[in-house]
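Turn these sequences into a full structure, and let the hints steer you where they fit.
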Amino acid sequence: MTSPESSDDKPVLMPHSYDGIQEFDQSLPNWWLFTLFGSIVFAALYWAYYFHSGVAVDDHTALDADLSVLEAKQLAAVKDLNDETLWKMSRNALTVTEGQAVYTSLCITCHGPTLAGVKGIGFRLNDADWVHGNTPTAIYRNISEGIVFDGKPTGMAPQKALGTAKIAAVTAFLLSTQEPGKLAVIPRSEEPSQK
Amino acid sequence: MAHVPQRDSVTTIAPDGSRRFLQPADVGGQWVRARRAFGWLLIALFAAMPWIDINGNPAVFLDIEQRHFHLFGATLGLDDFWLLFFAISGLGFTVYAVTAMFGRIWCGWACPQTVYMEHLFRWVDRWIEGDHHQRTRLDGLPFNDPEKLRKRGFRFLVYIALCWLVAHIFLAYFVSIPGLYPLITGAPTAHPTAFIGMAAMTGVLLFNFWWFREQLCLAICPYGRLQSALIDDNSVIVGYDARRGEPRGKAVAGITTGDCIDCRRCVQVCPTGIDIRQGLQMECIACTSCMDACDDIMTKLKRPVGLVRYASLNELNGGQTQYWRPRTILYAALLGIGAVVAAFSLSQIQKAGFKLTRQPGVELYTDSPGAVTNFFRAKILNKQGREVRFFIETEFSPVPITILNQSAGLVVPPEGEVTFPLVIMVDRAHYTGEFNLTVRLRSEDGKTRLKQKLHFLGPDSTAPQPPTR
Ligand code: SF4
Ligand code: SF4
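As you go down the protein sequences, you meet chains A and B in turn.
Residue numbers for the first sequence follow the numbering used here, so the first one is 1 and each next one is one higher.
Residue numbers for the second sequence follow the numbering used here, so the first one is 1001 and each next one is one higher.
Hints listed in this document are in silico derivations from the structure and should not be mistaken for laboratory results.
Check the hints yourself; a few may be wrong.
Stated by the list, open to error - Label-pair restraints from in silico Cβ distances:
id : chain 1 : residue 1 : chain 2 : residue 2 : range
1  : A       : TYR50     : B       : LEU1120   : 35 to 43 angstroms
2  : A       : ASP59     : B       : ASP1008   : 48 to 56 angstroms
3  : A       : GLY54     : B       : GLN1348   : 56 to 64 angstroms
4  : A       : TYR46     : B       : PHE1170   : 24 to 32 angstroms
5  : A       : ASP129    : B       : LYS1453   : 34 to 42 angstroms
6  : A       : LEU94     : B       : ASP1460   : 45 to 53 angstroms
7  : B       : ASP1445   : A       : PHE51     : 57 to 65 angstroms
Claimed, not checked - Quick partial rundown of chain A residues pointing at chain B, CB under 7 angstroms, derived from the structure:
id : residue
8  : GLN26
9  : SER27
10 : PRO29
11 : ASN30
12 : SER105
13 : ILE108
14 : CYS110
15 : LYS119
16 : ILE121
17 : PRO153
Stated by the list, open to error - Okay, the calculated bits of chain A under chain B, using three or more residues with CB under 8 angstroms as the criterion:
id : stretch
18 : 10-24
19 : 31-40
20 : 154-164
Because the structure is a prediction, the values reported are computed rather than measured.
Note that beta-carbon positions come from the ideal geometry of N, C-alpha and C, so glycine has one too.
So, in structure tokens, the structure goes:
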């Protein structure tokens, strides 16, 4: 039996001594050293792969690729949206109800609960007079892009974040009270809710 | 012969830096039994939390995706994040107070690392590979020995299954049981992130419990180091009564010996591989195994138990343990203050969130002949599990204002969030320049009231009114 004194791994003291304090000469755990050398190797591989291999896709390119996929999807959806389809949607009860829900949660603030507009803020939307375009696609665009007048943004902010489907539904809801071919264009100054 | 622990070096790390894998002996006794019961209670609680339903939500459900944190019936949003200050400082002072008084009692009784290691995985070791003699024999066999392959392989599979289970329960804290179910039944390709996360977590747990074990407490856990630093001569630790035990050795006629017969039982059972008779050491997780081991021997020898016991260094040196000393009083006082403030703040938690910012993408204000108008974007968060109708009203304003189209109120779905434009108008006749106002959000039942100060922008009061178009 080995006694503690003769144990094979009695730590050795380092020869130096500072202020009478000496330290043991013990090795670090191998798993610990493995994490050190492992991260050095990882850093080298990472650096080589991301900066010099030409294989890795950098974040900007990846983001651009993702965005273009998204945009392609949107474009594909918008492509099917023309005056005719929007009119058709405006006669579909489901789409109109969906559009009305969006309207009451959002547009109602400025255009009022009865679409009558709010003086000085939101245009009247329940008559046949339109200021910024009188086609379904123009209405869609105005909701999506917002309205800039005289080179200045107006209170009508872009609502692009709603997404194609919801904007189309709101457009359909607005068109549901209108008749095809009966939308007239009037100058901005004559819009009744502006006076 | 088994390795003899040194006080000056770590038992589980050999001089060449390689790992010395321990196979601690099994031990039974009052402390082990009590700890096992407590450990299983904790495991059961951990597993039960996601299943217990309080106010329609799991007892603990940290819904990171929706930014709702359900805790024992209360629902907290991101805007209640500051409460975490009390949670963390409270935890800190609890550790301070408890450790200063009772040493590393957390490590021995409640830490998940100890609870799962001692009460689940070591139990599997014993069940499959036998006691520590058999396990040590298995360790010594070549890796391709059929018996070793069979037993180790089977044990590995059991470990994977257990770690996989623990990982699932853990994930349920973040996605809830109903949210977990489709992840379990669906194909891994349908939800690669969750699957990889789960596999990684299982892997980490497996590595920890299969191989890493006491190294976590030794070299990684900050809690362990912190607790070591908080122990003083009056903290109750697992200690060896050297005054009674020494000089150790077999009783031989003519030589006076202490009660320790140097049977080394306490060393064999230690999961961190130390010899408690060398005094308090940083490896000790206060697991009480050596207390039970020694009590067993003392009982057989018909000597009083408690040669290794819960005692402070002062007590072991013949003095008295002083539980209440300036340190512990201070920690307890800070803990008490923190708890009172935390309880008060919890009672003040609002069941809704309300935030007004300026509407992006539009003019700062419009100045039409009739009125000056400002555009805001309102965000209402409903933290309740039912639909609530909210009203936005004027709390204070120096001039009469109109909040457009909000009289009907707004219905926010259960635990939902709505963002919508809010338009505030001031009649040109009342407008006298920019001003500050306060609006409030009121729930229909009037129980929730949240205020926000706003600055109303507009032209100088001296500016002429725009001409009527
Ligand atoms: S040292 Fe850390 S991991 Fe180990 S038992 Fe204590 S708290 Fe748990
Ligand atoms: S010395 Fe005793 S209490 Fe400490 S870890 Fe070892 S067996 Fe547990």
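For each hint, the structure was consulted:
1. TYR50(A) / LEU1120(B): 35 to 43 angstroms: This hint holds: roughly 41 angstroms between Cβ atoms.
2. ASP59(A) / ASP1008(B): 48 to 56 angstroms: Holds: the Cβ-Cβ distance is about 50 angstroms, inside 48 to 56 angstroms.
3. GLY54(A) / GLN1348(B): 56 to 64 angstroms: 57 angstroms, holds
4. TYR46(A) / PHE1170(B): 24 to 32 angstroms: Once the Cβ atoms are compared, 29 angstroms apart, the range 24 to 32 angstroms for PHE1170(B) and TYR46(A) holds.
5. ASP129(A) / LYS1453(B): 34 to 42 angstroms: 40 angstroms Cβ-Cβ, so the 34 to 42 angstroms window holds.
6. LEU94(A) / ASP1460(B): 45 to 53 angstroms: 51 angstroms, holds
7. ASP1445(B) / PHE51(A): 57 to 65 angstroms: Holds, since ASP1445(B) and PHE51(A) (Cβ atoms, about 60 angstroms apart) stay within the stated range.
8. GLN26: 6 angstroms, holds
9. SER27: Since the shortest Cβ distance to chain B is 4 angstroms, the answer is holds.
10. PRO29: Interface hint status for PRO29(A): holds (5 angstroms vs cutoff 7 angstroms).
11. ASN30: 4 angstroms, holds
12. SER105: 6 angstroms, holds
13. ILE108: 5 angstroms, holds
14. CYS110: At about 6 angstroms, which falls below the 7 angstroms cut-off, the nearest Cβ of chain B leaves the hint on CYS110(A) intact, so it holds.
15. LYS119: Nearest chain B Cβ about 6 angstroms off; hint holds.
16. ILE121: 6 angstroms, holds
17. PRO153: Since the shortest Cβ distance to chain B is 6 angstroms, the answer is holds.
18. 10-24: holds (count 3)
19. 31-40: holds (count 3)
20. 154-164: Held - the stretch 154-164 of chain A has 5 residues with a Cβ nearer than 8 angstroms to chain B, which meets the minimum of three.
Comparing the model with each numbered hint stated earlier shows that all of them hold.
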